Every structure is written in structure tokens, then in C-alpha cells.
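Just so you know, the sequences run in chain order A and B.
Going letter by letter, the first sequence gives residues 397 to 507 in the working numbering.
Going letter by letter, the second sequence gives residues 1343 to 1453 in the working numbering.
The hints are simulated quantities; they were obtained by calculation from the structure and are not laboratory data.
Just so you know, not all the hints are guaranteed correct.
With the Cβ distance kept under 10 Å, some of the chain A side facing chain B (calculated, not the full set) [to be verified]:
no.	residue
1	Q433
2	K436
3	F486
4	F498
5	S500
6	R503
Please read these numbers as outputs of a predicted model, since none were measured by experiment.
Every residue gets a Cβ at the ideal spot worked out from N, C-alpha and C, and that includes glycine.
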Amino acid sequence: DTAVSQTPKYLVTQMGNDKSIKCEQNLGHDTMYWYKQDSKKFLKIMFSYNNKELIINETVPNRFSPKSPDKAHLNLHINSLELGDSAVYFCASSQGTGGYTFGSGTRLTVV
Amino acid sequence: GIQVEQSPPDLILQEGANSTLRCNFSDSVNNLQWFHQNPWGQLINLFYIPSGTKQNGRLSATTVATERYSLLYISSSQTTDSGVYFCAVAPNAGNNRKLIWGLGTSLAVNP
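Between the sequences and the hints, there should be enough to build the whole structure, so can you do that?
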């Protein structure tokens, strides 16, 4: 009965590959987010969708592309992976501006 | 943009002790949340508290919006309280779903 579930939990891949991370929430929330946490634990928002509409699009390389097929799903596709993309990526959801619920994170390692 | 400063950056407690964590922000906010990231990386929302006081078990939080700070109180600390505590805010001017995060307070509770 996981509220926000991300897959995969771990992802090790070579430079130049393309990969996707999936996120699903069963809380009925209307807003979903992707965050990146770097090695120093700093959290930075990347994207947010509200009812399938992109509402936050931070300055990230255009190799990163979010996709929200419905309000319960928000996927993140990354093209041409680089070493600097290694981080933990968190998905989260909220109802309006209320409290966030986070997924357990995807640890991406690019070698 | 808005600045979020958390103090202290690091804290070591003996089990059973109480502590207060502080979050200062440089502009008026309409969204403020406290999170705990446990040693396994899981991010848990503790409070959604843009103003006022809330309590949840041994934890309580107070936000004085007019003075631009929030406090998180941990009473009778337990080893399971260890981890990093983050404060995140969204300024009044702008997208109130776009949280700006502090650098966190790293707490270690020793048995």
C-alpha cells in the first residue's frame, strides 16, 4: 500500500545511455514533483505537474524530460546520461500546496 | 530569491534529551514544511506549518511568520530521531508549490 512508489530503487548505467524512472501515487493528490538530491544532501526541485499540466520547470538540462500520462503518474526520462547526473532522484506528491509525501528515492549512478 | 537558513548544522544528543532546531527565512512565506530524512534516505513530512503551532507526539513546531522563523522541538529524543531535518518554504511572491529548501540540521542521538 505504498503511497508514492518509484522504480527502480537503484540504477547503475553507463555514460551516454538513456534511462527512465517511474513514479506513481495512490493518494489522489493533484500535484507531483521530481527532486534531485546531490551528494551533499541538497534538495532541488526539477519539475512539477498539477493535473497533468507542467507548472514548475526549473533550469535543468533538456536531456531531462518529464511526462505525466495522468495525475497519478509522473515519469522522468533522461537522455545521454553524464557522470554529473549521478544523484538520488525523489518523486513527491501533494494535494494543492499541502504537505508533501515522498517516494523512497532512486539512486542513479552513472559510470 | 528567498534564503532559508537552518541552525545548528549539526547536533549530537544523548537519548532522552530535548532539542530545538531553527529555520530562518528571508521573505514572507505561504508554505513551510519540516521533513526528516532518516539514515536510510527516506524523507518523511513532519509538519505543514506556514503559521502557528502544531504537535505530533514528541515533536512540535511553531512558525512565527511575521518574524520569519520556525522552530522544531524534539522532546525525549530517541535513537530513531537521528537523521537530517529539513525546513522548506515557498515565498508569498511566486509559485507556492515551489519549495526552497534549507541545508538541513544533521542530528545524531546516541544511546
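For each hint, the structure was consulted:
{"no.": "1", "hint": "Q433", "result": "holds, 8 Å"}
{"no.": "2", "hint": "K436", "result": "holds, 8 Å"}
{"no.": "3", "hint": "F486", "result": "holds, 6 Å"}
{"no.": "4", "hint": "F498", "result": "holds, 4 Å"}
{"no.": "5", "hint": "S500", "result": "holds, 6 Å"}
{"no.": "6", "hint": "R503", "result": "holds, 8 Å"}
Violated hints for the displayed structure: none, as all numbered hints are satisfied.
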